[in-house]
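Trainee: Using the sequences provided together with the hints, build the complete structure.
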Amino acid sequence: MIDDTRRLNSFLRKTRRGHVLKITHELYLRTDITCGSNACQQCIIGQTTLLDKHMKNGNNLISTGHYLLVDTNIVLQQVDVLEDPLLTNVIVPQIVLDEVRHKSLAIYKRIRSIIAIPERKFFVFINEFNKNTFVLRKPGESPNDRNDRAIRKIAQFYNEHLKQQISIVLLTDDIANRDLARQEGLIAFSLKEYISTFNRPELLDRLVLKEESFDLEKDLGKRKEIIFPEHVSVSEVQRGIKSGKYLQGTFQASRENYLEANVFVQDSEKYNQLFVQGYRNLNRAVHDDIVAVEVLPEQEWAIPFSLVIDDKDDDQGDLVIEQEETGLVVQGVSSKRTSSCRIVAIIKRNWRQYCGILQESLPGARFHLFLPHERRIPKIRIESRQAEELKNSRVMVQIDHWPRSSRYPHGHFIKTLGKLGDKETENEVILAEHDILHHEFPEAVLDCLPKLPWTITEEDLANRVDLRDFCIVSIDPPGCTDIDDALHCRSLENGNFECGVHIADVTHFVRPNTALDLEARERGTTVYLTDRRIDMLPVLLSGNLCSLRGGEER
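Each residue of the sequence shown is one higher than the one before, starting from 726 at the first, in the numbering used here.
Where hints are given, some of them may not hold.
[To be verified] Under the rule of at most 25 angstroms between Cα atoms (straight-line distance), these lysine to any residue pairs were calculated in the SDA-like manner:
id	residue 1	residue 2
1	LYS1104	SER1086
2	LYS888	ASN785
3	LYS970	ASN1117
4	LYS1073	ARG1100
5	LYS828	GLU1247
[As the list claims (entries may be wrong)] Just the calculated beta-carbon pair ranges, DEER-fashion:
id	residue 1	residue 2	range
6	ASN785	ASP1256	20 to 30 angstroms
7	ALA1187	ASP1256	27 to 37 angstroms
8	GLN881	ILE1161	24 to 34 angstroms
9	PRO868	ASN1117	45 to 55 angstroms
10	THR922	CYS768	28 to 38 angstroms
11	GLN881	ARG1258	49 to 59 angstroms
12	ASP904	GLN998	44 to 54 angstroms
13	CYS1224	THR1141	27 to 37 angstroms
14	LEU746	VAL1190	49 to 59 angstroms
15	THR922	ARG1074	50 to 60 angstroms
16	ASN1219	LEU1192	18 to 28 angstroms
17	LYS863	GLN998	45 to 55 angstroms
No lab work stands behind these hints, which were simulated from the structure alone.
Using N, Cα and C, we set each Cβ at its ideal position, and we do this for glycine too.
Mentor: Structure representation (structure tokens):
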């Protein structure tokens, strides 16, 4: 009898030493994996996060209640939209999570955070071990095509499994995958098509648009021109670094001159730091990127400019770059030339979310320039339908891509932080720009805390030195609620003095690899602002159990 629940997947892999190994993965398929739906009459439901049986439908594209099924590109590129509470009852296939984790650990953590919120109803469907949804890769089929086919198989399974009680809507920005899904009788939309009917302009602004969507030249009636040199390929960069033709380093933009930067070189005996000047030599690098550079001939080395230069261009065209770079050469002839380079490739982008304001633009304009709070970040071009509402507000923006034909990188709106000049808003900017976590502690973290009233146990007394009869004094200032440092001093019989330095043993309450431990690792330290503090640990520990209090045992 043939076991149709067992699969063997074999492939060849070449090791670094040139040996060829045959790798075989054994996979067992199951028939008892739950679909996660409260509308299901067949599955045994034991999950905490379940898809609703009855739901409100605020979308005009689908007349009935429905579940959303997302593919990998939606999660990787549109996680800012997925984080909006409007989207609920979402099926996230295991195959999507695995691919996201492989491609971007940061986005994987974000989607996992959404899944952990019960109210959002994001359900992880284990499709790769489900006999009804597992698909074998066909001969000559690419991994991407196989994964797309697997996601369509999941949609078909849910339609049959739930007997059409609830519709399944596949969200994908892959045109080919969307067309194939529709040919197979599935409901499929792009994310933009789906959210356009919600009358939420701020949600549309969060969309990551493709490069061709930023056709500013067409809007202005101009011909698209190539501004920047093309980046060399990954393989060419690797060969160049190995041969010494290229060097690798960290790109650090100048605060004073947006046309200048330095690259701090790694693993080079000759150069520790190289100077970059001019828009074309900067070649779309952004502060903190890891870049590959080529050292220029000595006769082309540049002279650092001595004046502060801001990017004052109103974005009416990119031809002004030529004039700017020429001006730099003329102005600096009296200074000493500095060893210089040009950026030939970006090895790793270190883009993050940026705070700032929108530059004033023409009424009715579709595209707008974002001015970052951090001076070393270039202006970012975004598309927004709510420019009038965002006037005089601090906003947060993410860079998506930087094509060769655009003077500025393209990005998308994330959220509004508040009114310009407002104290709370400016505090938010400080925290966001320095990547300081300041959200409320999640339930999983609070569940790790000891229950009150807390008392010292017999086990604690047996394993610790009892200093309760010592005169121990705090060294923290008056009014401090986090008293975790103390001293004592006493005379000994031999005439010497014993000085003791005491600090709270936080590890007694924070066990390794618990949710509390992981949250504390992420936060790193307690942050003090002028009017409040951001605790690394919940106040029960920082302000109570791990803090000295008069008359209370610790």
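Trainee: Quick check: which numbered hints come out false for this structure?
Mentor: The structure breaks hints 3, 6, 7, 8, 13, 15; every other hint is satisfied.
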